[in-house]
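Asks: In the order they appear, the protein sequences are chains A and B.
Quick note on our numbering: the first sequence kicks off at 1 and runs consecutively.
Quick note on our numbering: the second sequence kicks off at 1 and runs consecutively.
Hints may contain errors.
Computed beta-carbon distance windows for the label pairs [as the list claims (entries may be wrong)]:
| hint | chain 1 | residue 1 | chain 2 | residue 2 | range |
| --- | --- | --- | --- | --- | --- |
| 1 | A | Ser-130 | B | Glu-21 | 28 to 38 Å |
| 2 | B | Gly-89 | A | Glu-237 | 45 to 55 Å |
| 3 | A | Gly-131 | B | Asp-64 | 44 to 54 Å |
| 4 | B | Pro-28 | A | Arg-230 | 51 to 61 Å |
| 5 | B | Gly-56 | A | His-105 | 44 to 54 Å |
| 6 | B | Asp-19 | A | Thr-39 | 37 to 47 Å |
| 7 | A | Arg-227 | B | His-65 | 35 to 45 Å |
| 8 | B | Arg-87 | A | Val-129 | 41 to 51 Å |
| 9 | B | Glu-71 | A | Arg-227 | 55 to 65 Å |
| 10 | B | Val-66 | A | Ser-130 | 35 to 45 Å |
| 11 | A | Pro-240 | B | Phe-84 | 17 to 27 Å |
For the record, the hints were derived by calculation from the structure and aren't laboratory data.
Just so we're clear, the structure is a prediction, and the values are computed from it rather than from any experiment.
Every residue gets a Cβ at the ideal spot worked out from N, C-alpha and C, and that includes glycine.
Read off the chains here:
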Amino acid sequence: MRSLEPLSQLDTAGVQVSIGPFSVRLRSDIVGVRTYLETVYTDFPITSETAAHFDIAIVSTAGWRQWMRPQANLVVNGVRPFLPLPEDLSGALFEWSLNWCVGDHAHRWVAIHAAVVERDGQAVVLSGVSGAGKSTLCAALVVAGWRLLSDEFALVDPQSGLLSPLPRPVSLKNQSISILKQRNPSGVFTPERIDIEGATFVHMKPPLASVRQAGEPARPGMIVFPRWTRDAATRLEPIPKAHALMRLAHQSFNYNYLGVRGYEAIAGMVGRTDCYTLEYSDLDDVIGRLASARTR
Amino acid sequence: MHDGPWRAPHDLVWTRYPDSEDWAVFNPQSGDVHLVTASAYFLWQTIATSHDITTGKLLAALADHVQMPLEADLITAADQTLQFMDRAGLITPNI
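Pulled out of the complex, with its shape left as it was, chain A reads as follows:
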């Protein structure tokens, strides 16, 4: 494990955390943020350098709020994008702020709401709305040995068509938590918290190998639109590419911002990959099916 000595500056000058292609300057006077980093960011490069793409501060509210129902305030590049949250969500607030930064500002890539994993040089993009089961499937694939690129963003480089990794802690909610803890008994998980929508959530520490390969883009091989359905038999069925393109465009944060360049990046990726819908309930079965479909 690397030294986390720079974290001693977290509440003063702040620290620089390297996360995929981004350098993030983080400052916080909240113990929960430091604990969060010490739990799930121990494998990430953390230094005392000051240059950063995103400047994030998660700070406590002054005055009586320090003692009664303390709050965490988010400041990104000098702007407060959200209202304060309960302080016990301060670690997760770091992840949510990163989502906001990437989705709103990282226009060098086409950013699609999707999980991405990779094995043997071929990436699988798992795209779907929240609650479709993509993070659960992503986490199970990662525990089964696939490389984690991201559980939140497919970052498509418009020039190369490759996917840039953004490995971060994997967000798990409700029943997925116990499922993944069973599958990954030696895994590191943050304590359970309740988010503002009432869902129980944790973050699972990403594998060291995925963090170390954060500079290695991956070639998209499959695009899958998963949907978890209780007791459903696994159904992995091809979907017309034009339909896949529509669905990916609707899950993209910025393709329209990038104009024709963004559209053509998605259209090109779809053209070069096999596209499927997936209905599943049995994780072991679907992991096997994805592995064999990928090598066909």
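Knowing the structure of chain A, use the given hints to seat chain B on it.
Replies: Leaving out everything else, chain B in the frame of chain A:
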């Protein structure tokens, strides 16, 4: 239904893959992507390559293309397609 003539923006980006007849089209003006049928693409292409084509001639060309008689069902379907394409900015009345 608008009787025409129609015109078609030329900056649309059309994509079709070999696995289906459907087309995806990106409209840079709206920033939207739409999924349309091969018939809709034919209508757009006919409008784009014809000068001031009327709706009547357009429907006749479509009937000829799909080899169907120009009857109520086809006219209704074509009308709905033209209305959709008009709303999506894929074609526009040339008034």
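Asks: Starting from the hint list further up, note which numbers the structure goes against and sort them upward.
Replies: The structure breaks hints 2, 4, 8, 9; every other hint is satisfied.
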